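Chemist: Chain by chain, the residues:
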Amino acid sequence: MLAFIKQPWPWYVAGPLIGLIVPTLLLLGNKPFGISSSLRHICAACIPSGIPFFRYNWKKERWNLLFVLGIFLGGMIAAYFLADPEPVKMAPQLAADLAKRGITDYHNLVPADLFNWHSLLTARGAILMVAGGFLVGFGTRYAGGCTSGHAIMGLSNLQWPSLVATICFMIGGFFAANLLLPWILSL
Amino acid sequence: MIKEDNRYRSQKPSEDEFTADPATDTEKRGSLLRFLIAGIVFGIVFTKAEVISWFRIQEMFRLQSFHMYGVIGSAVAVGMISIWLIKKFRVKTITGEKIEIQPRKFNKGQIFGGLIFGIGWALTGACPGPLFAQIGTGATVVVITLLSAIAGTWVYGRFREKLPH
Numbered sequence: 001m002l003a004f005i006k007q008p009w010p011w012y013v014a015g016p017l018i019g020l021i022v023p024t025l026l027l028l029g030n031k032p033f034g035i036s037s038s039l040r041h042i043c044a045a046c047i048p049s050g051i052p053f054f055r056y057n058w059k060k061e062r063w064n065l066l067f068v069l070g071i072f073l074g075g076m077i078a079a080y081f082l083a084d085p086e087p088v089k090m091a092p093q094l095a096a097d098l099a100k101r102g103i104t105d106y107h108n109l110v111p112a113d114l115f116n117w118h119s120l121l122t123a124r125g126a127i128l129m130v131a132g133g134f135l136v137g138f139g140t141r142y143a144g145g146c147t148s149g150h151a152i153m154g155l156s157n158l159q160w161p162s163l164v165a166t167i168c169f170m171i172g173g174f175f176a177a178n179l180l181l182p183w184i185l186s187l
Numbered sequence: 001m002i003k004e005d006n007r008y009r010s011q012k013p014s015e016d017e018f019t020a021d022p023a024t025d026t027e028k029r030g031s032l033l034r035f036l037i038a039g040i041v042f043g044i045v046f047t048k049a050e051v052i053s054w055f056r057i058q059e060m061f062r063l064q065s066f067h068m069y070g071v072i073g074s075a076v077a078v079g080m081i082s083i084w085l086i087k088k089f090r091v092k093t094i095t096g097e098k099i100e101i102q103p104r105k106f107n108k109g110q111i112f113g114g115l116i117f118g119i120g121w122a123l124t125g126a127c128p129g130p131l132f133a134q135i136g137t138g139a140t141v142v143v144i145t146l147l148s149a150i151a152g153t154w155v156y157g158r159f160r161e162k163l164p165h
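Protein sequence lines, in the order shown, are assigned to chains B and P. Take the first sequence: its position 26, counted from the start at 1, is 26 in UniProt numbering, and no numbers get skipped. Take the second sequence: its position 85, counted from the start at 1, is 85 in UniProt numbering, and no numbers get skipped.
Since the hints were derived computationally from the structure, they do not count as laboratory data. Since we're looking at a predicted model, the values are computed, not measured. There could be a bad hint or two in this list.
Claimed, not checked - Chain P regions said to be covered by chain B (calculated; three or more residues, Cβ under 8 Å):
hint, stretch
1, 105–118
2, 145–154
What the hints assert, rightly or not - The list that follows gives simulated cross-link-like pairs (lysine-lysine, DSS-like), each with its CA atoms no further than 30 Å apart:
hint, chain 1, residue 1, chain 2, residue 2
3, P, Lys105, B, Lys31
4, P, Lys88, P, Lys105
5, B, Lys59, P, Lys105
Each residue gets a CB set at the ideal place from its N, CA and C atoms; glycine is no exception.
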């Protein structure tokens, strides 16, 4: 049983389980699934700086901060108790392409060749981690949601603005993965 | 300490999902524990589903694998059916509260912000949820990515009035 759980879960198991977050949060307390809001609550709680956008009662949204704390702990439990000893699964074309660029460590879901404390001071690492993270935080808030709030919650509730947002996420991603990333990896 | 600044009081209330109304804060501290537990369960699911994998995100954007499309597609299908059932049978929360979902209003931010986030998603291999899970799996440097995402959120809040919406 445990060996079965330790394998990476196929999409038809993982996807429906992720979809169940939507009714779970609604039933637990009428909460909409949305994770990027937690970043805003952190700003509102720690560095509101008198900015109107961060002047609201963030304490009312504490559930969201506990939810993301749980996700962090869940990641920890999965990595330490339910880890798959095999290298990370990926399409062979991707592995071939990454190997050409010297990315050959496939032991973690986050590639250790790219995301480590030493590479933070290189142009490549700084773009991927610092600039990439900034774009995630800025973009999700500008769009009013992320993959959870728009692509899953918004589409589940048949909201067409969320479809627009999701399509734009994909366009941005296709552009960055195919045109920007090869250049960044060559730095 | 943050000084109360009355300049902002006179501004028109933004069309916003969060309000400054403290009167509705009825939840007790202990009752929020259920959201921590839900987070733990779904953190495990995110990790085992490999949606927090940088490699899976690259595959998706290079159209090299169906995995992420299958995950997101089936998640949306389950979410859609769940919301339909909740609305049809007027299901209430476990504490008997009415379930209401705010509709989404369109603004240009969904286009500009969407494109910007999409770029960040491909570079970091993570949307905000997976960032937290990635740190949990031991990729400690992702703390920097998370701090940078918080900074990005702050900068958006700071310059919100000047951006096209």
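Chemist: Going straight from one Cα to the other, do Lys59(B) and Lys105(P) come out at no more than 30 Å?
Modeler: holds, 25 Å
Chemist: Counting residues of the stretch 145–154 of chain P that have a beta-carbon nearer than 8 Å to any beta-carbon of chain B, does the count reach 3?
Modeler: holds (count 10)
Chemist: Counting residues of the stretch 105–118 of chain P that have a beta-carbon nearer than 8 Å to any beta-carbon of chain B, does the count reach 3?
Modeler: Result for this restraint: holds, n = 13.
Chemist: Checking one constraint from the list: CA of Lys105(P) to CA of Lys31(B), max 30 Å. Satisfied?
Modeler: With a Cα-Cα distance of about 18 Å, the restraint between Lys105(P) and Lys31(B) holds, given a limit of 30 Å.
Chemist: Is it true that the CA of Lys88(P) sits at most 30 Å from the CA of Lys105(P)?
Modeler: holds, 23 Å
Of the numbered hints listed earlier, not one is contradicted by the structure.
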